[in-house]
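S.K.: Let chain A serve as the given structure and place chain B on it in line with the hints.
Going down the list, the sequences are from chains A and B. Here the working numbering is used: the first residue of the first sequence is 1, the next is one more, and so on. Here the working numbering is used: the first residue of the second sequence is 1, the next is one more, and so on.
No lab work stands behind these hints: they were computed from the structure. As the structure is a computational prediction, the values presented were derived from the model and not from experiment. Incorrect hints may appear among the rest.
As the list claims (entries may be wrong) - Here are the computed lysine-lysine pairs in the DSSO-like style, where the Cα-Cα straight-line distance is at most 27 Å: (1) A:K48 with B:K175; (2) A:K70 with A:K7; (3) B:K116 with A:K15; (4) A:K15 with A:K58.
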Amino acid sequence: MSQGGVKELVEEIAKALVDNPDQVQVRAVEGEQVTVLELRVHPNDLGKVIGRQGRTAKSIRTILGAAGMKLKKRLTLEILE
Amino acid sequence: MVPKAMNYQFSNDEKLDREAAGAELRHFLDRVLAGASLDLRYAIESLDPAPGDVEQVELRVAFSGQDEEFLLEHNGELLQALEYLAVRWLRLDPHLYDRIRLDAANYRADRIEELKLSARVAAQRVAETGQSFRFNPMPARERRILHMVLSEIPAVRSESEGYGEDRQVVIHPAKPLRSR
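Just chain B, same shape as in the assembly:
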């Protein structure tokens, strides 16, 4: 499918205009926090991602405050909802969604480490047993991290199966085990 040509306001040639995007991100966050009566403060940090980072985060929003726990309930559901609406509000080029991260109590950063570790452990098991392994359903941004880690392990291949909120990553052996 060829996407309709679109002008992305805050990027040029897949480069994020950090200053303008950051200002609009503040506007979005201020509106949502006030409108939803959420007792949260935030700070936006500008980062220079390393080439090997699984997410190329350039603007990191760190929330804190009374309602911090709301953000983290149900596997960070509210955090992810805010993050998704933020990138849509900014009309960001989907290739650049990972440039913006919303986090609280380092939840997302810890989760990424957890995903990387799970991917490696599961891949090793698949390689040893020759049996496929199915992860729990997860959001696109988390599946992407699994796929990136797994793509570097030659003994396995990964794909996503299922639809919508049930979509899950499955690891298969790269080739079936030979009986010897």
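Same shape as in the complex, but just chain A:
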């Protein structure tokens, strides 16, 4: 599974959580050791992907942390506001 798998995973999770799935966009910015996944959602859905006290975002980041170990690359999630 490539990093493309991770980008699509973040996109699919975000789409499942928000009220406006058609407004979900994920862009993968590739660095040498890091891939930054930039997640953009409808402004009304920001809370849905961040979660209470950031819990949802943290859970997604935890999964990316594990995926990064497998892919030997650091994966970070940026939620664009």
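M.R.: Structure of chain B alone, referenced to chain A:
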């Protein structure tokens, strides 16, 4: 705060639709395990919880495989992340979050026994000394178990203090010790 009326897809009158929820849970798990390249298998077991169980688990996911240790690192951080995203993905009624449990190597079940025991031991000390006791910060689902156990012990009361990841359960004596 009155929550906005919401249609919960996999429940009716606070009853989990096990079959539909189980199918969607599989879909979620298959997507995440493949997308994150995790080498894990899982089995979903359907359970009938006993009325006194601190968590009313109806669908239990048991993971196994090469990456099992990833799930358990940092006090089961990945396990809890997957579990939380699963209930959010299902858009489950928050009252029913405990109906779904993700576990590996019986970690969560053992942890619950540990929490129950710690709660009883700490409560006894608070009752004897009259001094409050503060647990380490823990996730909501673990705090809930402490509160449930402590609510059955009349000599103490419990509350959660702090915010976010620092939130912790504190046990107080139900009433201050009288000097005699």
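S.K.: Run every hint past the structure and note whether it holds.
M.R.: Going down the list of hints, with the structure as the test:
no., hint, result
1, A:K48 with B:K175, "41 Å, violated"
2, A:K70 with A:K7, "15 Å, holds"
3, B:K116 with A:K15, "37 Å, violated"
4, A:K15 with A:K58, "17 Å, holds"
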